[in-house]
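Participant: Could you build the full structure based on these sequences and the hints that come with them?
Here's the letter readout for the chains.
Protein chains: 2
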Amino acid sequence: MKNAETTVAKLSEVALRRWSMIAPGDRILIGASGGKDSTTLAYDLAVKRRWWPDRFEFLALHVETDVGEPQDRAPLEALFRDWGVPFASIRVPVIGRLKPGERMNCYWCSTQRRTELIRYALAEGFHKIALGHHLDDIVETLLMNMLHKGEISTMPPVVRYSKYPLAVIRPLALCEERQIEAFAREKGFASVTCTCGYDGASRRKEVRAKIEALTGGSSELKRNLFRSMSRVNAEYLA
Amino acid sequence: MKNAETTVAKLSEVALRRWSMIAPGDRILIGASGGKDSTTLAYDLAVKRRWWPDRFEFLALHVETDVGEPQDRAPLEALFRDWGVPFASIRVPVIGRLKPGERMNCYWCSTQRRTELIRYALAEGFHKIALGHHLDDIVETLLMNMLHKGEISTMPPVVRYSKYPLAVIRPLALCEERQIEAFAREKGFASVTCTCGYDGASRRKEVRAKIEALTGGSSELKRNLFRSMSRVNAEYLA
Chain V
415 MKNAETTVAK LSEVALRRWS MIAPGDRILI GASGGKDSTT LAYDLAVKRR WWPDRFEFLA
475 LHVETDVGEP QDRAPLEALF RDWGVPFASI RVPVIGRLKP GERMNCYWCS TQRRTELIRY
535 ALAEGFHKIA LGHHLDDIVE TLLMNMLHKG EISTMPPVVR YSKYPLAVIR PLALCEERQI
595 EAFAREKGFA SVTCTCGYDG ASRRKEVRAK IEALTGGSSE LKRNLFRSMS RVNAEYLA
Chain U
415 MKNAETTVAK LSEVALRRWS MIAPGDRILI GASGGKDSTT LAYDLAVKRR WWPDRFEFLA
475 LHVETDVGEP QDRAPLEALF RDWGVPFASI RVPVIGRLKP GERMNCYWCS TQRRTELIRY
535 ALAEGFHKIA LGHHLDDIVE TLLMNMLHKG EISTMPPVVR YSKYPLAVIR PLALCEERQI
595 EAFAREKGFA SVTCTCGYDG ASRRKEVRAK IEALTGGSSE LKRNLFRSMS RVNAEYLA
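Chains V and U, in that order, give the protein sequences. Just so we're on the same page, my numbering is the position in the first sequence counted from 1, plus 414. Just so we're on the same page, my numbering is the position in the second sequence counted from 1, plus 414.
In case anyone wonders, no lab produced these hints; they're calculated from the structure. What you are looking at is a predicted structure, and each value in this text was computed from that prediction instead of being measured. Careful: at least some of the hints might be erroneous.
Which copy is meant is left open, so a pair is good if it fits within one copy or across any two.
Cross-link-like lysine-lysine pairs, in silico, BS3-like; alpha carbons within 30 Å at most [what the hints assert, rightly or not]:
(1) K624 with K563
(2) K563 with K619
(3) K563 with K424
(4) K416 with K601
Facilitator: In structure tokens, the structure reads:
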């Protein structure tokens, strides 16, 4: 195993164990966008399935939309075939579903795609939806929620739906983006990232720059931000 | 009443009420450093004492140290005499109390001064210690604790000591620094701020720049950071 691969594998193992993400017999649906994060996640789960103490099954589901340039799915399918990652794909007309007068935005698109993942999971008997969000995403959402919603909250590593027999898990919660990038480079796969150019992407870029300013690029300080979420000292808050 | 004075008076009234900072018959000791914050606080409490529904007494206590240039207390005393602020002063050899080989730092100095305030309050029968920390201080401490301690905590508007029959109150918790500065300019008092040049001051300056980068100077975003502390969504944390 190479360097970046080991790092990602270990950090995902810690997350899977710390938050008890996998139960025996779980059927896990991976939201596979074609980007580096979920592609890394698919690889990681494919390797882990071979030795993980609890048996589990998984499927990478690509939700194709009518937003942005059409993507060529062939390279992703070839990669997944190589890695032994079962793959399926569905098409959702995200723009087509807008009501007259409504404008396209990132929130709408991601809500629609999430809804389709849930629907597919329920229909096909999956227990978990695994998403590729990493530590930087989680810290960014924390800061965005504090700054824009005035609330301390984020995307947690595990969320159990109350309405459905389903949970969302984020096995890469402890991986930094740079570690995932290093893995993608090491493994030599080109990612097909979101190219839509809507507002959410630019807002995330802005927050990314803010976290850079906050931490001065230090991983330790960024990890402290992450760690602070599990250490809320209610007596010492306003 | 002028503009900045009204702003500070109203925000401090909201804080005093929201966190029930004053009880009938309270004797309040103000930690008066000579800086703009605690000087503003002393003025504000002097005005409020004349009409506040609950009767209270107060005294501004200046804790002089052997750190930095000796300060001329005369201008501060004259100001307080003008405003009807009862004033006292004690001297604490902060450097003199260092054990051999120990180096002076901001943490030591502020701990020593705090200890003296508590000792004085207990000896003289005060119920509250009022400090001049403002919203920027509280948000800065939140970010510093997240970044450096990996913990979500800050200086709260009210802290009750478990060991003593004493509470710390921060009536300016809802005032931004710029509002206090505007008041100081409006009122025309020059502040005798800390001139010690130790490390803590520079670290605080650094965090101040980081918050500037985070909020882009927007008061709304800074107030959202403050507000987030009272809205911790534990279900959506890592």
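Participant: Confirm or reject each hint.
Facilitator: Cross-check of the supplied hints:
no. : hint           : result
1   : K624 with K563 : both (16 Å within a copy, 19 Å between copies)
2   : K563 with K619 : both (18 Å within a copy, 26 Å between copies)
3   : K563 with K424 : between (34 Å within a copy, 25 Å between copies)
4   : K416 with K601 : within (9 Å within a copy, 66 Å between copies)
The structure meets every hint from the earlier list without exception.
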